[in-house]
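Just so you know, the protein sequences line up as chains W and U, in that order. End of the first sequence = 562 in numbering that gives the first Met the number 0, gap-free, step of one. End of the second sequence = 290 in numbering that gives the first Met the number 0, gap-free, step of one.
Fair warning: there could be bad hints in the mix.
Once the Cα atoms are required to be at most 30 Å apart in a straight line, the calculated DSS-like pairs of lysine-lysine come out as [as the list claims (entries may be wrong)]: (1) W:LYS315 - U:LYS107; (2) U:LYS106 - W:LYS407; (3) U:LYS107 - W:LYS320; (4) W:LYS407 - W:LYS179; (5) W:LYS407 - U:LYS68; (6) W:LYS407 - U:LYS209; (7) W:LYS315 - U:LYS68; (8) W:LYS320 - U:LYS106; (9) U:LYS263 - U:LYS224; (10) U:LYS209 - U:LYS263; (11) U:LYS107 - U:LYS68; (12) W:LYS315 - U:LYS106; (13) U:LYS68 - W:LYS320; (14) U:LYS209 - U:LYS224; (15) U:LYS241 - U:LYS209; (16) W:LYS320 - W:LYS407; (17) W:LYS179 - W:LYS98.
Computed from the model, here is a short list of chain U residues facing chain W with C-beta under 7 Å [claimed, not checked]: (18) ASP69; (19) PRO79; (20) THR87; (21) GLU108.
Hints were generated in silico from the structure; no laboratory data involved. Ideal Cβ positions, reconstructed from N, Cα and C, are used throughout, including at glycine.
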Amino acid sequence: MKNPFHTPFAAVLTNEVLLNTKRVAPYALMVLFAANAVLWWARGPAVAMGWATNSDFYIQRNMGGFSFILGLPIFTAILMGDIVVRDFRLGVDPLIFSKPVSRASYLLGKFLGNFFVLVCCQSVFAITLFLLQWVPFSGMVVLPVRVVPYFKHFFMIVVISHLALAAIYFAAGTLSRSAKVVYGLAACYYPVYISLLLLVFMNLPKMFRVLFDPMGAGKSGPVITIDPWRESADVLNKFVVSYSLDQYVNRASNIVLSSLLLLIVYFRFRIDSQAKELLNFTTLTLSEAPGRIAYSAPFALLIDAAPARDLVTLPKVTATKGPAATLSRIIAAIGVEFRLRRAERGLMVLVPLAILLSFLSVPFSQIPTVVSYSVTSATNTANMLLLLLAGVTVFYTGEIMHRDRELKIEPVVWSTPAPNSVLLLSKWFAMTLLGLSVVCVGGLTTIVTQLLRGYTPVDISAYLIINGVVVVPGIMFITALAVGLNVLLRNKYLTYVVAVGTGAGLIYLYNLGYKHWSYNPLLYQLWKYPDLTSAPMLAYRFYCLALAAACLLLAHLLFERRS
Amino acid sequence: MLAIRDLTKTYSSGVQALRGVSLDLSPGVFGLLGPNGSGKTTLMKIVATLLEPDSGTIEMNGVDLIARKDHTRRMLGYLPQDFGLYPTLTAWQMLDYLAKLKGVTNKKERHNLIDALLDRVNLSAERSQRLGGFSGGMRQRLGIAQALIGEPQLIIVDEPTAGLDPEERVRFHNLISESAGEDTVVILSTHIVSDVSNLCSRMAIIRGGKILSACSPRQAVDELKTTVWEGTVPREQLAAFKAQFNVISSRNFDGEARVRVISKDLRPSEEFTGAIPVLEDYYFDLVNRQD
Numbered sequence: 000m001k002n003p004f005h006t007p008f009a010a011v012l013t014n015e016v017l018l019n020t021k022r023v024a025p026y027a028l029m030v031l032f033a034a035n036a037v038l039w040w041a042r043g044p045a046v047a048m049g050w051a052t053n054s055d056f057y058i059q060r061n062m063g064g065f066s067f068i069l070g071l072p073i074f075t076a077i078l079m080g081d082i083v084v085r086d087f088r089l090g091v092d093p094l095i096f097s098k099p100v101s102r103a104s105y106l107l108g109k110f111l112g113n114f115f116v117l118v119c120c121q122s123v124f125a126i127t128l129f130l131l132q133w134v135p136f137s138g139m140v141v142l143p144v145r146v147v148p149y150f151k152h153f154f155m156i157v158v159i160s161h162l163a164l165a166a167i168y169f170a171a172g173t174l175s176r177s178a179k180v181v182y183g184l185a186a187c188y189y190p191v192y193i194s195l196l197l198l199v200f201m202n203l204p205k206m207f208r209v210l211f212d213p214m215g216a217g218k219s220g221p222v223i224t225i226d227p228w229r230e231s232a233d234v235l236n237k238f239v240v241s242y243s244l245d246q247y248v249n250r251a252s253n254i255v256l257s258s259l260l261l262l263i264v265y266f267r268f269r270i271d272s273q274a275k276e277l278l279n280f281t282t283l284t285l286s287e288a289p290g291r292i293a294y295s296a297p298f299a300l301l302i303d304a305a306p307a308r309d310l311v312t313l314p315k316v317t318a319t320k321g322p323a324a325t326l327s328r329i330i331a332a333i334g335v336e337f338r339l340r341r342a343e344r345g346l347m348v349l350v351p352l353a354i355l356l357s358f359l360s361v362p363f364s365q366i367p368t369v370v371s372y373s374v375t376s377a378t379n380t381a382n383m384l385l386l387l388l389a390g391v392t393v394f395y396t397g398e399i400m401h402r403d404r405e406l407k408i409e410p411v412v413w414s415t416p417a418p419n420s421v422l423l424l425s426k427w428f429a430m431t432l433l434g435l436s437v438v439c440v441g442g443l444t445t446i447v448t449q450l451l452r453g454y455t456p457v458d459i460s461a462y463l464i465i466n467g468v469v470v471v472p473g474i475m476f477i478t479a480l481a482v483g484l485n486v487l488l489r490n491k492y493l494t495y496v497v498a499v500g501t502g503a504g505l506i507y508l509y510n511l512g513y514k515h516w517s518y519n520p521l522l523y524q525l526w527k528y529p530d531l532t533s534a535p536m537l538a539y540r541f542y543c544l545a546l547a548a549a550c551l552l553l554a555h556l557l558f559e560r561r562s
Numbered sequence: 000m001l002a003i004r005d006l007t008k009t010y011s012s013g014v015q016a017l018r019g020v021s022l023d024l025s026p027g028v029f030g031l032l033g034p035n036g037s038g039k040t041t042l043m044k045i046v047a048t049l050l051e052p053d054s055g056t057i058e059m060n061g062v063d064l065i066a067r068k069d070h071t072r073r074m075l076g077y078l079p080q081d082f083g084l085y086p087t088l089t090a091w092q093m094l095d096y097l098a099k100l101k102g103v104t105n106k107k108e109r110h111n112l113i114d115a116l117l118d119r120v121n122l123s124a125e126r127s128q129r130l131g132g133f134s135g136g137m138r139q140r141l142g143i144a145q146a147l148i149g150e151p152q153l154i155i156v157d158e159p160t161a162g163l164d165p166e167e168r169v170r171f172h173n174l175i176s177e178s179a180g181e182d183t184v185v186i187l188s189t190h191i192v193s194d195v196s197n198l199c200s201r202m203a204i205i206r207g208g209k210i211l212s213a214c215s216p217r218q219a220v221d222e223l224k225t226t227v228w229e230g231t232v233p234r235e236q237l238a239a240f241k242a243q244f245n246v247i248s249s250r251n252f253d254g255e256a257r258v259r260v261i262s263k264d265l266r267p268s269e270e271f272t273g274a275i276p277v278l279e280d281y282y283f284d285l286v287n288r289q290d
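With the rest of the complex left out, here is chain W (with noise of 0.2 Å):
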């Protein structure tokens, strides 16, 4: 009898474990859920309700908003969507399946493997709580130390409803070949979802929500299953959590679900090449050249000067030095920049989400405001912008500074007379407008919305005067910041861990009350509307500037051309 963990499919899924071990989204994933663990552990309504932390219901209750609201079921596409396009992008496809390994291995071992690494990182949040019952702290009710509840929430909650959302990933990013159609798909995924509970299943019978809801949310589905705030804590704590014929039935269904989407994979799933552009190769008019070269004789062989209607004679170029010539080699390179970010995804959610930020800073209400609504809205706006583009500066520069080498362009460009100014500052000015146009966009979105919730009159230089004495200076320091990170540490992870830890610490630091605005150059709770254009706000934006001159500066003269 053959040994089970010897066969394609076990090495397909192995593989697939191996290769994750290797990235770095499992590690993040799994750091991410153990800190939600703490977070709800500590500040969950348990403590201020009277609630134990390991009451069955508890448990419960904390799986189904780990489940659906923090984003899990977006971080599922990031480990299930791309699985089979990466092996075709990679290469990999035609060393795999010269090999005697049948389709149903291969896509279940790939499905399996990667759904396994999503259990793990998953059940760092399962265990934290778990592992968090041995340290309460004053206040908190905890229970005796229980094992069972939270492992079989954990499988009926987690586990299922995620296996469907799982196998839809991957269904969606296997037969189209798109890592796009995926994180489109997740990024759907709230609007759709509720949409389909509020304007679907409410209106139908129901069976259609036991069968067809994936992730069993609301009264129908597992994940509530008493009201806690009608009931007193005692006998909360005291509630003994049992699943009904209809929550065993949904279960069921998307255990079912999942296999007719894998069935459907399986059976769709082709393993040639989609090469669409192959065509347009075939058109390639060779010239004549194999003519003018002689292999069977190469040492008699003279290589002729090519026929005069072959030769293409190279017209004469003039190049000039000077500023002129850096300010256009920076202009083209921004240029370059700007043709390469339109590419990427990541502008698609960036936008809308700066949008929708915006739009949500603006007063729901008449409520009352110290200067005026525009001062309020473009406050909020400019604060929810600052944080935003914090993050997403530090990401795109990671990125930006490092593309060339990842796309292996640094040799040719690196062997131009371009200055490493140009280098260096087209991607700090590149960033910088991508982030201004974003506070652009933001802010048109706060002045819109007022007008349209009638907040009249708009007060236009209110918008000028915060987005260009706090949010502008900001941006500029921080992606300078970046650059010099990135520039300094070479590594575009290790920038993260650094920019993130620091960014986290300071923040951690400013809450306790320590904001001088000498390490607070983004001015953290340090500036009030009234206030800006005063001579020490002034100052400080400048000492801002400076900051961002002295981190460009720095890589200026760290930054080697060394391949």
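Guided by the hints, dock chain U onto chain W, whose structure is given.
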């Protein structure tokens, strides 16, 4: 004239990539022949200002190329061994960008140059096609086009034909031979012997970071005149035969080993006949002698 003197380079890992390399290169195509890992790419990167040598000098017409990097980059056209292109840009946009970086700021001149370059490398029809869809040969041709921007006096092409099909290789050979002007030094680094024999007026063989020989392909082959023999040997006697003679190549043929031997004074046996020497013979003879 490009003069390389006593160039050494040891990587931080301890690998000694170059051990006192000295070469004199005059205008024309110069072939640098050597197996993988012999130090060719390290030498190319140092000449292309992308790597700092531990010691040694490189001068071109009296200009120190190591000290004056900006000057070097103005007169340099470089096609790396393994290079990438921005997949979302078109061929035209890519050349336009690199021409601007090279300092060709005059718009009309630049556009004319790019059109001519695309024409020369036979990519005019693909000028608006995204580079992500280019085949290996098309990418290499675009690579040589970018290396020709700005009338370079020194063109470095590192393993340009590796992975190309025969037709693309021939087309590429022609492009390189067309690019070598009267004042232009073209350094062609390769491990394919026929690249050198087809293209180069002078060549050097590098192995283990040392130059084993520097001459013209013609001289190399002339050195072996009347010394190369070809014949068959029973396979079981091959080991003993190799111990006795300088066997430069052997391959199994019809149950016997067909061997090429270099023997200056002695015909190996009656079955052996004299063969016309080729550059491979010279290369393997040199390598065998080093071993």
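How the hints compare with the structure:
For the hint linking W:LYS315 to U:LYS107, the alpha-carbon distance of about 11 Å falls within 30 Å, and the restraint holds. Restraint check for U:LYS106 and W:LYS407: satisfied, since their Cα atoms lie roughly 28 Å apart, inside the 30 Å limit. The straight-line distance between the Cα atoms of U:LYS107 and W:LYS320 is roughly 17 Å, inside the 30 Å bound, and the hint therefore holds. For the given pair, W:LYS407 sits about 23 Å from W:LYS179 by alpha-carbon distance, which is consistent with the 30 Å threshold.
In summary, the hint linking W:LYS407 to U:LYS68 is supported, as the alpha carbons are separated by about 21 Å, within the 30 Å threshold. With a CA separation close to 28 Å, the supplied pair W:LYS407 and U:LYS209 stays within the 30 Å bound. Among the hinted pairs, W:LYS315 with U:LYS68 is consistent with the structure: their alpha-carbon atoms are about 23 Å apart, no more than 30 Å. Straight-line distance between C-alpha atoms of W:LYS320 and U:LYS106 comes to about 15 Å, which keeps the hinted pair within the 30 Å bound.
Straight-line distance between C-alpha atoms of U:LYS263 and U:LYS224 comes to about 9 Å, which keeps the hinted pair within the 30 Å bound. Of the pairs offered as hints, the one joining U:LYS209 and U:LYS263 holds, with about 26 Å between alpha carbons and a cut-off of 30 Å not exceeded. The suggested pairing of U:LYS107 with U:LYS68 holds, with an alpha-carbon distance near 28 Å, which does not exceed 30 Å. Under the criterion of a C-alpha separation no larger than 30 Å, the hint pairing W:LYS315 with U:LYS106 is consistent with the structure, at around 13 Å.
For the hint pairing U:LYS68 with W:LYS320, the CA-to-CA distance comes to about 15 Å; that is within 30 Å, so the pair holds. Restraint check: the Cα-Cα separation between U:LYS209 and U:LYS224 comes to about 26 Å, which is no more than 30 Å; the hinted pair holds. Taking the CA atoms of U:LYS241 and U:LYS209, the gap is near 26 Å; set against the 30 Å cutoff, the hint holds. Annotation: proposed proximity of W:LYS320 to W:LYS407 holds, straight-line Cα distance about 27 Å (limit 30 Å).
Distance check on the hinted pair: W:LYS179 and W:LYS98 sit about 29 Å apart at the alpha-carbon level, within 30 Å; holds. A least Cβ separation of about 6 Å between U:ASP69 and chain W falls short of the 7 Å threshold, and the interface hint therefore holds. A distance limit of 7 Å between C-beta atoms decides the matter here; for U:PRO79 the minimum to chain W is near 4 Å, and the interface restraint holds. The closest approach between the C-beta of U:THR87 and any C-beta of chain W is roughly 4 Å, which is under the 7 Å cut-off, so the hint is satisfied.
Below 7 Å, beta-carbon pairs count as interface contacts, and U:GLU108 has one with chain W at about 5 Å; its hint therefore holds.
In this structure, none of the earlier numbered hints is contradicted; all agree with it.
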